[in-house]
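Protein sequence lines, in the order shown, are assigned to chains A and B. The opening position of the first sequence corresponds to residue 1 in the numbering used here, with each subsequent residue numbered one higher. The opening position of the second sequence corresponds to residue 1 in the numbering used here, with each subsequent residue numbered one higher.
Please note that a few of the clues may not be correct.
Distance ranges between label pairs, derived from CB positions [unchecked claim]: (1) G100(B) to L96(A): 34 to 40 Å; (2) V152(A) to Y99(B): 48 to 54 Å; (3) G100(B) to E19(A): 22 to 28 Å.
Okay, derived cross-link-like pairs now, DSS-like style, lysine-lysine, Cα gap no bigger than 27 Å in a straight line [stated by the list, open to error]: (4) K173(A) to K106(B); (5) K21(A) to K106(B); (6) K98(B) to K21(A).
Everything labelled a hint here was simulated from the structure, so no lab data went into it. In this text, a Cβ means the ideal position worked out from N, Cα and C, and glycines have one as well.
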Amino acid sequence: MELYILLIFMIFAALVAIEVKDLLSSVIAMGAVGFSLCLAFLILKAPDLAITQLVVEILCLIILIRATTRKDIPLVVEGRWVFNTVSTAVFMAVFLFFAFHALKELPFFGQPLMSVVKKYLEEGMSKTGAVNLVAAVILDFRAYDTLGEVAVLFTSVVGIMAVLRRPGRNNLKEKNHER
Amino acid sequence: MTIYFLCFILFCIGLYGILRKRNLVKIIIGFSILGYAMNLFMVLLGYRFQGRAPIDSNAQDILNMVDPIPQGLVLTSIVIGLGITALLISVAIRIYEKYGTFDITKIKRLKG
């Protein structure tokens, strides 16, 4: 029951975040979505995810507010209204169609398939020595996923450095000489 | 089943933000909301009624836990979402410095 209330709150906050005119208010509404997602993880018995989501959400908000402060320009009137709306509706219809057909194959909510994880639950403690089974999964049974995650994070940091880097002092001097 | 549909509605709101809005910051917010909906859907798939958090102790029945595999995958996905948002924001800041606007239709010189 709490989960339904949280999800409806998240939907309303997401609508506000998309539709409101002021950029700073829309960033804060996105923060409301993220923090209620953190609460939803707690209700779904995933405390590790809740902690990670909290930290990541705070970082995201800091970065987004840094980008939007003193830059809230009023939005312009939308052009090509019909084309944009029709293409958006088509995308949503395609997504909902396939999602509805995929939903028939999925197990019901609250009764997951536990065929793979049964072995992990029984042998996780003796094989890895980790009390927290999520840590056992990400650091031992599926450690290559975590390696890939670290590679992706490193690539993203390299990309940010490449995009945001200012030209160094030596390069500026060379340019001035050329002029 | 209803809760899956609420999750899909959240996903559709993110899709709407990406496709329909012309402000770069709104598009980035749409990406974040879409990521939240996906993470929530995967954790919902692993939930079981009256389940416990997947942490071992001597006093509990082993088969009464929620599924830890989706939680592990979502833990990876959340951190990657932070990387995506940071990269998009840095590109948006650069575009603002160069063109003085977040409006994607005003950025003319990108056209070849």
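Hints versus structure:
Remark: the range hint 34 to 40 Å for G100(B) to L96(A) is upheld by a beta-carbon distance near 38 Å. Here the CB-CB span from V152(A) to Y99(B) is close to 29 Å, at odds with the stated 48 to 54 Å. Hint check: G100(B) to E19(A), Cβ distance near 25 Å, so the stated range 22 to 28 Å holds. As the CA atoms of K173(A) and K106(B) are separated by approximately 33 Å, the hinted pair breaks the 27 Å bound.
Using a Cα cut-off of 27 Å, the hinted pair K21(A) and K106(B) holds, with the two alpha carbons roughly 18 Å apart. At most 27 Å may separate the alpha-carbon atoms for a hinted pair to count; K98(B) and K21(A) meet this at roughly 23 Å.
Comparing the model with each numbered hint stated earlier shows that hints 2, 4 do not hold.
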